[in-house]
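Peer 1: Take 1 as the starting number for the sequence shown in this note's numbering and just add one per residue.
Hints are computed from structural coordinates only; laboratory data are not their basis.
A portion of the hints provided could be inaccurate.
Stated by the list, open to error - Capping the alpha-carbon separation at 35 Å, the derived lysine-lysine pairs in DSBU-like fashion look like this:
id : residue 1 : residue 2
1  : Lys136    : Lys147
2  : Lys60     : Lys136
3  : Lys67     : Lys8
4  : Lys130    : Lys60
5  : Lys130    : Lys147
6  : Lys147    : Lys67
7  : Lys130    : Lys141
8  : Lys67     : Lys141
These figures come from a predicted structure and were not determined experimentally.
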Amino acid sequence: MGRNLWYKLLGALLVLVAAVLWILSLTVPETFGFFSLAWAGVIICGGLGLILILQGCFQKNANTIKKLKIWFGIVLVVCGVLCLVSELAIPGNLVIPIIAIVVAVGLIITIIASRGSKWDEGDNHKAGYKNYHERKAEEEKAAEENKENK
Numbered sequence: 001m002g003r004n005l006w007y008k009l010l011g012a013l014l015v016l017v018a019a020v021l022w023i024l025s026l027t028v029p030e031t032f033g034f035f036s037l038a039w040a041g042v043i044i045c046g047g048l049g050l051i052l053i054l055q056g057c058f059q060k061n062a063n064t065i066k067k068l069k070i071w072f073g074i075v076l077v078v079c080g081v082l083c084l085v086s087e088l089a090i091p092g093n094l095v096i097p098i099i100a101i102v103v104a105v106g107l108i109i110t111i112i113a114s115r116g117s118k119w120d121e122g123d124n125h126k127a128g129y130k131n132y133h134e135r136k137a138e139e140e141k142a143a144e145e146n147k148e149n150k
């Protein structure tokens, strides 16, 4: 099984649940009449956003990929919040502060998940890094020593 199977399966199940609830709201309106397309957006966008945030936090990837996953997750969570705002008719003056809080939390999660390291930190910044010429000289020296030992 792949590492991403559980994330993909959970995402597909979220879409399935939203679709089933939506069709039930159309066929059985007396029981599921509360469910609308906005609620489906909340479930799908919010759920997939949280999945991407969890992937960014817990998977072993390059920091750039981790940060991208977290920020795409934050964008989806903001879309879910906007769907929730439209469904619950939250006053307009609360929308921007809610989005600002979500973005600030995303920034904090990104810093924690990447452990504060820079996005462009490559091998040449690590201790003991040898460039191409140094590695090539060592290989030639090792080849000469192998010839002498034979």
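Peer 1: What hint numbers does the structure not satisfy?
Peer 2: Numbers 6 and 8, in rising order.
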